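Enquirer: Sequence:
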Amino acid sequence: RLRTVDLEAFRNLVDPKEEEFLHDNLSPGEFRAIQRERLRAAIEYIRCAAQNATILLHLGEAARANADPNIAAAGQQLVNSALRLRLYALHTVLKLYIGIALPGTPLAPLGIVERYQQLRGLVTQLSRLQYPGSGARISAAL
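Residue numbers -7 to 134, in the working numbering, belong to the letters of the sequence shown in order.
In case anyone wonders, no lab produced these hints; they're calculated from the structure. Remember, predicted model here, so these are calculated numbers, not experimental data. Check each hint, because a few of them may be wrong.
Subject to a maximum C-alpha distance of 20 Å in a straight line, what follows is the list of computed SDA-like cross-link-like pairs (lysine to any residue) [what the hints assert, rightly or not]:
1. K87 - S19
2. K87 - V71
3. K9 - Q69
4. K9 - R39
5. K87 - A59
6. K9 - P95
7. K9 - D(-2)
8. K9 - L(-6)
9. K87 - R30
10. K9 - T97
11. K87 - P61
12. K87 - R28
13. K9 - L99
14. K9 - T116
15. K9 - R(-7)
16. K87 - E11
17. K9 - R(-5)
18. K9 - Q43
19. K87 - A100
20. K87 - L(-1)
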């Protein structure tokens, strides 16, 4: 089942400026505790995005078999993007766990937001090709 991913909330959790603000305004102990919670929440967002990518990978695989070459090509693009997102998500989650274990480690995981937005765009494109008039519902669920 697709799960909605709030990209703005995720951006806030991994925003270096927000981290700097918290660092400057909290005691070291409070900052470490808050930062651990923020990173755990970010990991959960990434896991949701990766789970959605798995579902969309299957959608893309099915579309690749379509007789319409435009739908097949859009399906292939979706498969490629979903695979890349899943790999990048794994890499990013590992980095965030390192950030939890070693506070102060530079992270910069914002690239996952752009990759997820690209995946959403490809889903919209494929949906419009396959289901004109009702394709926006799938991408709205993301």
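Enquirer: I'd like to know which numbered hints this structure contradicts. Please list them from smallest to largest.
Expert: 1, 2, 3, 4, 5, 8, 11, 14, 15, 17, 18
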